[in-house]
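Colleague: Chains as they are written, first to last, in this note's numbering: chain A, 1 to 294; chain B, 1 to 610; chain C, 1 to 240.
A few of these clues could be false.
[Said to hold, decoys possible] Derived pair list, reagent style DSS-like, types lysine-lysine, alpha-carbon separation capped at 30 Å: (1) C:K111 with C:K128; (2) A:K93 with B:K110; (3) A:K93 with B:K208; (4) B:K363 with B:K598; (5) C:K132 with A:K164; (6) B:K162 with A:K93; (7) B:K574 with B:K598; (8) A:K93 with B:K363; (9) B:K162 with B:K239; (10) B:K600 with B:K574; (11) A:K114 with B:K239; (12) A:K119 with B:K285; (13) A:K281 with B:K600; (14) B:K110 with B:K213; (15) B:K208 with B:K110; (16) A:K119 with A:K266; (17) A:K266 with A:K281; (18) B:K162 with B:K363; (19) B:K574 with A:K114; (20) C:K57 with A:K164; (21) B:K239 with A:K266; (22) A:K281 with A:K93; (23) B:K285 with B:K239; (24) B:K239 with B:K208; (25) B:K363 with B:K574; (26) B:K285 with A:K93; (27) B:K239 with A:K119; (28) A:K281 with B:K213; (29) A:K281 with B:K110; (30) B:K502 with B:K484; (31) C:K111 with C:K132; (32) B:K213 with B:K239; (33) C:K128 with A:K164.
Hints listed in this document are in silico derivations from the structure and should not be mistaken for laboratory results. Small disclaimer: the values here were computed from a predicted structure and weren't measured.
For reference, the chains in residue letters:
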Amino acid sequence: MPTSDQLAQFILSGLTTGSIYALIALGFCIVHNATGIVNFTQVDFVSLGGLVMYTLLLSWGLPLGVALPFSIAAVMVVGGLVQRLTIEPARSKEIIVLIFITIGVSIFLRGVFKVLWGKNQMALPSFSGETPFVILGATVLPQSLWIFGVTLAVVVLLHLFFGKTRVGKAMRAVSFNSRAAQLMGISVDRMVLLAFAMSGGLGAVAGIIIVPITTLSYDIGVILGLKGFAAAVLGGYGNSVGAIVGGLVLGVVESLCAGAISSTYKDVIAFALLLLVLFVKPSGLLGFGERERV
Amino acid sequence: MAELRKKILPHSALLIMALAVAVFPFLVTNPYYLNVANIIGLNIITVLGLNLLIGYAGQVSLGHAAFCGIGAYISGVLTVSYSQSPWIGILVALLVTALVAVVIGVPTLKLHGHYLVMATLGFNIIVNVIIIQWDMVTGGPSGFPGIPYIGIGRWVLDSDRKMFFLIWMVALVAVIISSNLVNSRVGRGLRALHGSEIAAESLGVNTKTYKVKVFVLSTLYAAISGCLYAHYLTFISPKTFDIFFSVELVTMVIVGGMGSIWGAVFGALVLTPLPNVLHFFDEYKDIFHGAILVIILIFLPEGIVVAAQRRWFATFKPKAGDMFLVEALPATRHRGDEIAQALKSADSLGRAEYSRVENPILKIQELSVTFGGVSALAQVSFDLPMNTITALIGPNGAGKTTLINTISGLQHPHSGRVFYLGQDITGRPAHAVASLGIARTFQNLQVFENMTVLENVMVGMHVRTRNEFVRCMFRLPGFAIEEKEIATRARQVLESLGIEEKAHLPASELSYGERKRVEIARALAASPRLMLLDEPAAGLNMTETNEMADLINQIRLEGISVMLVEHDMNLVMKISDKVVVLNYGIKIADGAPEDVQKDKEVLAAYLGTE
Amino acid sequence: MLEVENLEARYRGYAALRDVSLEVHRGEIVCLIGANGAGKTTLLNCISGVHHDCDGKILFHGEDVSSATPQQLVRRGIVHVPENRQLFSPMTVEENLELGAYLQAPQMRAKDLSDRMERILEHFPSLKGRRKQQAGTLSGGEQQMVAIGRGLMSDPHLLLLDEPSLGLAPMLVREIFRIIQELQREGRTILLVEQNALGALGISDRGYVLENGRVTLTGAAGFLIDHGHVRQAFLGQDVS
Numbered sequence: 001m002p003t004s005d006q007l008a009q010f011i012l013s014g015l016t017t018g019s020i021y022a023l024i025a026l027g028f029c030i031v032h033n034a035t036g037i038v039n040f041t042q043v044d045f046v047s048l049g050g051l052v053m054y055t056l057l058l059s060w061g062l063p064l065g066v067a068l069p070f071s072i073a074a075v076m077v078v079g080g081l082v083q084r085l086t087i088e089p090a091r092s093k094e095i096i097v098l099i100f101i102t103i104g105v106s107i108f109l110r111g112v113f114k115v116l117w118g119k120n121q122m123a124l125p126s127f128s129g130e131t132p133f134v135i136l137g138a139t140v141l142p143q144s145l146w147i148f149g150v151t152l153a154v155v156v157l158l159h160l161f162f163g164k165t166r167v168g169k170a171m172r173a174v175s176f177n178s179r180a181a182q183l184m185g186i187s188v189d190r191m192v193l194l195a196f197a198m199s200g201g202l203g204a205v206a207g208i209i210i211v212p213i214t215t216l217s218y219d220i221g222v223i224l225g226l227k228g229f230a231a232a233v234l235g236g237y238g239n240s241v242g243a244i245v246g247g248l249v250l251g252v253v254e255s256l257c258a259g260a261i262s263s264t265y266k267d268v269i270a271f272a273l274l275l276l277v278l279f280v281k282p283s284g285l286l287g288f289g290e291r292e293r294v
Numbered sequence: 001m002a003e004l005r006k007k008i009l010p011h012s013a014l015l016i017m018a019l020a021v022a023v024f025p026f027l028v029t030n031p032y033y034l035n036v037a038n039i040i041g042l043n044i045i046t047v048l049g050l051n052l053l054i055g056y057a058g059q060v061s062l063g064h065a066a067f068c069g070i071g072a073y074i075s076g077v078l079t080v081s082y083s084q085s086p087w088i089g090i091l092v093a094l095l096v097t098a099l100v101a102v103v104i105g106v107p108t109l110k111l112h113g114h115y116l117v118m119a120t121l122g123f124n125i126i127v128n129v130i131i132i133q134w135d136m137v138t139g140g141p142s143g144f145p146g147i148p149y150i151g152i153g154r155w156v157l158d159s160d161r162k163m164f165f166l167i168w169m170v171a172l173v174a175v176i177i178s179s180n181l182v183n184s185r186v187g188r189g190l191r192a193l194h195g196s197e198i199a200a201e202s203l204g205v206n207t208k209t210y211k212v213k214v215f216v217l218s219t220l221y222a223a224i225s226g227c228l229y230a231h232y233l234t235f236i237s238p239k240t241f242d243i244f245f246s247v248e249l250v251t252m253v254i255v256g257g258m259g260s261i262w263g264a265v266f267g268a269l270v271l272t273p274l275p276n277v278l279h280f281f282d283e284y285k286d287i288f289h290g291a292i293l294v295i296i297l298i299f300l301p302e303g304i305v306v307a308a309q310r311r312w313f314a315t316f317k318p319k320a321g322d323m324f325l326v327e328a329l330p331a332t333r334h335r336g337d338e339i340a341q342a343l344k345s346a347d348s349l350g351r352a353e354y355s356r357v358e359n360p361i362l363k364i365q366e367l368s369v370t371f372g373g374v375s376a377l378a379q380v381s382f383d384l385p386m387n388t389i390t391a392l393i394g395p396n397g398a399g400k401t402t403l404i405n406t407i408s409g410l411q412h413p414h415s416g417r418v419f420y421l422g423q424d425i426t427g428r429p430a431h432a433v434a435s436l437g438i439a440r441t442f443q444n445l446q447v448f449e450n451m452t453v454l455e456n457v458m459v460g461m462h463v464r465t466r467n468e469f470v471r472c473m474f475r476l477p478g479f480a481i482e483e484k485e486i487a488t489r490a491r492q493v494l495e496s497l498g499i500e501e502k503a504h505l506p507a508s509e510l511s512y513g514e515r516k517r518v519e520i521a522r523a524l525a526a527s528p529r530l531m532l533l534d535e536p537a538a539g540l541n542m543t544e545t546n547e548m549a550d551l552i553n554q555i556r557l558e559g560i561s562v563m564l565v566e567h568d569m570n571l572v573m574k575i576s577d578k579v580v581v582l583n584y585g586i587k588i589a590d591g592a593p594e595d596v597q598k599d600k601e602v603l604a605a606y607l608g609t610e
Numbered sequence: 001m002l003e004v005e006n007l008e009a010r011y012r013g014y015a016a017l018r019d020v021s022l023e024v025h026r027g028e029i030v031c032l033i034g035a036n037g038a039g040k041t042t043l044l045n046c047i048s049g050v051h052h053d054c055d056g057k058i059l060f061h062g063e064d065v066s067s068a069t070p071q072q073l074v075r076r077g078i079v080h081v082p083e084n085r086q087l088f089s090p091m092t093v094e095e096n097l098e099l100g101a102y103l104q105a106p107q108m109r110a111k112d113l114s115d116r117m118e119r120i121l122e123h124f125p126s127l128k129g130r131r132k133q134q135a136g137t138l139s140g141g142e143q144q145m146v147a148i149g150r151g152l153m154s155d156p157h158l159l160l161l162d163e164p165s166l167g168l169a170p171m172l173v174r175e176i177f178r179i180i181q182e183l184q185r186e187g188r189t190i191l192l193v194e195q196n197a198l199g200a201l202g203i204s205d206r207g208y209v210l211e212n213g214r215v216t217l218t219g220a221a222g223f224l225i226d227h228g229h230v231r232q233a234f235l236g237q238d239v240s
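Here chain A stands alone, though its shape is the one from the complex (with noise of 0.2 Å):
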């Protein structure tokens, strides 16, 4: 039985890879809503955050505040790039050819970070330090501290964008009902690029924010970003709010699970919730989310 101090820990810590997995959902949930597709190619947006910031931070010595801007910046354009080069001119507009061509890019961008930034595992420093602090009897890195900081600000704005901007609102109707916001002169296209950029500089976000607890590598992003993905069908396919709800969920958890029975079936735990909801209630816990079936 674990004690109060350690149940605290488990939690926090399951609260800190929640919020990545928060995080990537979302990723997965925009594109979803503005599409109807699995994009798997935000695993790889999670794993480039990461490697942009190495190359900016290290390996050009900018400043934090330089290079963080910029390597979500450079995820989104790269995420952009996906959606004009790879999915618009696919000839079949079938769900499962573009859930595959996803897979493809997936695979093709890991061979070109493989490439640039080799397979070595590398390191990223913690944006403040790594002196833990001791809150409610857990232990705490102040990288930790900034994931739900950051994570936090991101949902923030996240709602405001889709609850109070033009673009957002116009975002979700063309989730809602694409024909009718085409006749009101929205730009569908527009829409779903935007989705896509938006789904990297999550994607990056998450990259960057945790790599520098765990490690960095060309494939970082594919664990957690499957994760993340059980996460956003835990919480409810399509569901923006699940997505966050499923991702902190599976968060803790994972931890619990991994800290109070065994840790070496830890990476069972998020799939096997997976199986768990689809067997037994497919729309997530929180039911499905805003796209509407036109």
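With chain A's structure known, arrange chains B and C on it following the hints.
Modeller: Frame of chain A; chains B and C shown alone:
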């Protein structure tokens, strides 16, 4: 000589393959190449199964590597740690695989959408982690060595060449039985399912069961491949069975062509050695791999083999029997006496013997259907007299299609009853309703575009025929007789509708009016007693509409009762015996056409009020 | 204002429109009536740029807009209010209306935008007090009002209304038609597609009857109402 040519040519691809297999290990003795060839053979087996799932049932699995792994590890562990014979190992592996596949398949396949992808992806990761972590049993990440060779009696298959024969024989058998399955009643049912699930259901295909069966079958292919792999290399490790391999397997299906047997073979043939070929690029291997996949998917989404087939078909327009593929359809050219024969055998196929004449044939009683609070049908009642044409009309949104869907089993009513020949059939699923002798067409044409005209109509016979998976795959006795009856009956129906000469064209190549005829032919094939036609004249020009009117009259003269939903009032008034009018889900008129035409409420409903 | 010449359209493999010509003059209400499946919605979709498989000429203010995108058409002042409302159901009434002015909003001051919304809502008293309500929870009539309001937000020259009376109770149908007349008095031009022939003709200046993709009859609304042909178009040739 021509006879011989006709018999051999369709199977030419298979014969070439068999020949190549027989000769290869004698021409090529380098063990490295034999090894590659063996791996190709093993992948062909797995990919054939996966292709059945993706190309015919329209479902994708990203977890087939795990099923290979289950096969390999169960057989491996049983033979090494429990000293069982490899054959026992294989048998147990297959049983466990089937069981697992049922557990995964049943809950996920009944949902619409891509849940199987997610489930199998998660499943694959779980299996992989278990193999790695449960190292006491599986040997963990360093692998599991010492698996014994397979032996048949005193022959032990302990070399690349010996295993080559076993593996490629199994692969050949796999090609044959897969092809057998595809070109059979079950195969058509599967392709119908992929083409239009609701149409397939309405023709008697139990789509839920078929999806699960195909999924299980595909996993068995994977498991066999895994077992053979284990007893060939005698060493297995978890890295072989990860999700990346699952992705590769699906890639092979897609690149070759989903739904093409030879596409699957081609995909496995070309993509298996690709990493070895790309090894020169080593670092750039994944870049090329990914790029090739993306380029093919963008520009040739139907797959290389299927694209080539279509090009070839368009250029050479071959007739039946000339096809390069293994084909099982007998190309019967029927004459007069054969038609009589066909009619007799159609009856013998189970056209129900109705000893009593039950009138009315259909009785709708207080039927109500609500959608989220809105009442689509509100206590509708009327009768359909035997051997008549009853038209169901009403403004847009009046509930006509809902009514047809409720009768045919695609929609559940909230209250009320549907009686067919005196029997309460309310709430029965669509495939069960079809088996009772009720056939239908659809407002949005649901012709199977992915099949030929003839195959479309043959699916119409699904409900009256019985060949199932095993019988189709292994061409057991009784198979050929039923197939011939199906083909003959289908041609007969096509001929009576005047489109027999288009029988071998893909349905997508016909004009809209012709495709409507195909849908009707398909519905007629099983000799129904009642036909529900949903807007048969929609989209037809004047001439075609008149032809349709004649056709419907002809159908009634054959003794089939017809319920007709239509907007073309000239058609309705001309041929109907009785007209029922719905508005906002309520019946507002019911009687002879001339009376309904003058009914004040009907006029108000249609023309509106000033 | 709007001229359609020899329009041909294909839909799902069959000819949905054959040699259709019509015109709408400034300030008119022109109705397009016909049975279901006659091609009315396809015609509107061709005009508004949503349906691409069309041949023929479409002229607006004398300029060729046959291959214009929906976006370009909204900018020029043609707005299509689609069949079945097609609202953004999880969004509020206000948000739906706002999106109607999506293209103009960046060039307008916030005050002008909200003034415009106020003026439009004047036409729809039942929507007062429902601004923050989720559109999907409104009644059918209210949803139709939001759909029309949304179309008005971009201040269009020409409004294409696709079956606004669909699925509405007779009293609401009268209300909607009354609103359409109000819009005409405001100076708007309207092309009205309807299954409710008599109701539509009652408020229109001119009408076209579409049967099986062809225009079979056209004329002043009064003429069409009296002509028995309209009844035949809907209920078929007399069989008695």
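Colleague: Against each hint, give a clear statement of whether it holds in the structure.
Modeller: These are the hints, each one checked on the structure:
1. C:K111 with C:K128: 19 Å, holds
2. A:K93 with B:K110: Holds - the C-alpha atoms of K110 of chain B and K93 of chain A are around 24 Å apart, at most 30 Å.
3. A:K93 with B:K208: Since the Cα atoms of K93 of chain A and K208 of chain B sit roughly 26 Å apart, the hinted pair holds (cutoff 30 Å).
4. B:K363 with B:K598: 25 Å, holds
5. C:K132 with A:K164: Judged against 30 Å, a Cα distance of about 14 Å means the pair holds.
6. B:K162 with A:K93: Answer violated: K162 of chain B to K93 of chain A is near 46 Å, above 30 Å.
7. B:K574 with B:K598: 15 Å, holds
8. A:K93 with B:K363: 44 Å, violated
9. B:K162 with B:K239: 26 Å, holds
10. B:K600 with B:K574: OK: K600 of chain B and K574 of chain B at ~20 Å, within 30 Å.
11. A:K114 with B:K239: Given that 30 Å is the threshold and the Cα spacing comes to 19 Å, the pair holds.
12. A:K119 with B:K285: Roughly 13 Å between the alpha carbons, so the hint for K119 of chain A and K285 of chain B holds.
13. A:K281 with B:K600: Violated - the C-alpha atoms of K600 of chain B and K281 of chain A are around 51 Å apart, more than 30 Å.
14. B:K110 with B:K213: 12 Å, holds
15. B:K208 with B:K110: 6 Å, holds
16. A:K119 with A:K266: 24 Å, holds
17. A:K266 with A:K281: 23 Å, holds
18. B:K162 with B:K363: 68 Å, violated
19. B:K574 with A:K114: 73 Å, violated
20. C:K57 with A:K164: 40 Å, violated
21. B:K239 with A:K266: 18 Å, holds
22. A:K281 with A:K93: Distance of about 29 Å is within 30 Å: holds.
23. B:K285 with B:K239: Holds - the C-alpha atoms of K239 of chain B and K285 of chain B are around 18 Å apart, at most 30 Å.
24. B:K239 with B:K208: 34 Å, violated
25. B:K363 with B:K574: Cα-Cα ~24 Å, so holds.
26. B:K285 with A:K93: The given pair, whose Cα atoms are some 28 Å apart, holds under the 30 Å limit.
27. B:K239 with A:K119: Cα-Cα ~17 Å, so holds.
28. A:K281 with B:K213: Holds - the C-alpha atoms of K213 of chain B and K281 of chain A are around 23 Å apart, at most 30 Å.
29. A:K281 with B:K110: With a Cα-Cα distance of about 13 Å, the restraint between K281 of chain A and K110 of chain B holds, given a limit of 30 Å.
30. B:K502 with B:K484: 19 Å, holds
31. C:K111 with C:K132: Holds. K111 of chain C to K132 of chain C sits at ~18 Å (cutoff 30 Å).
32. B:K213 with B:K239: 29 Å, holds
33. C:K128 with A:K164: 22 Å, holds
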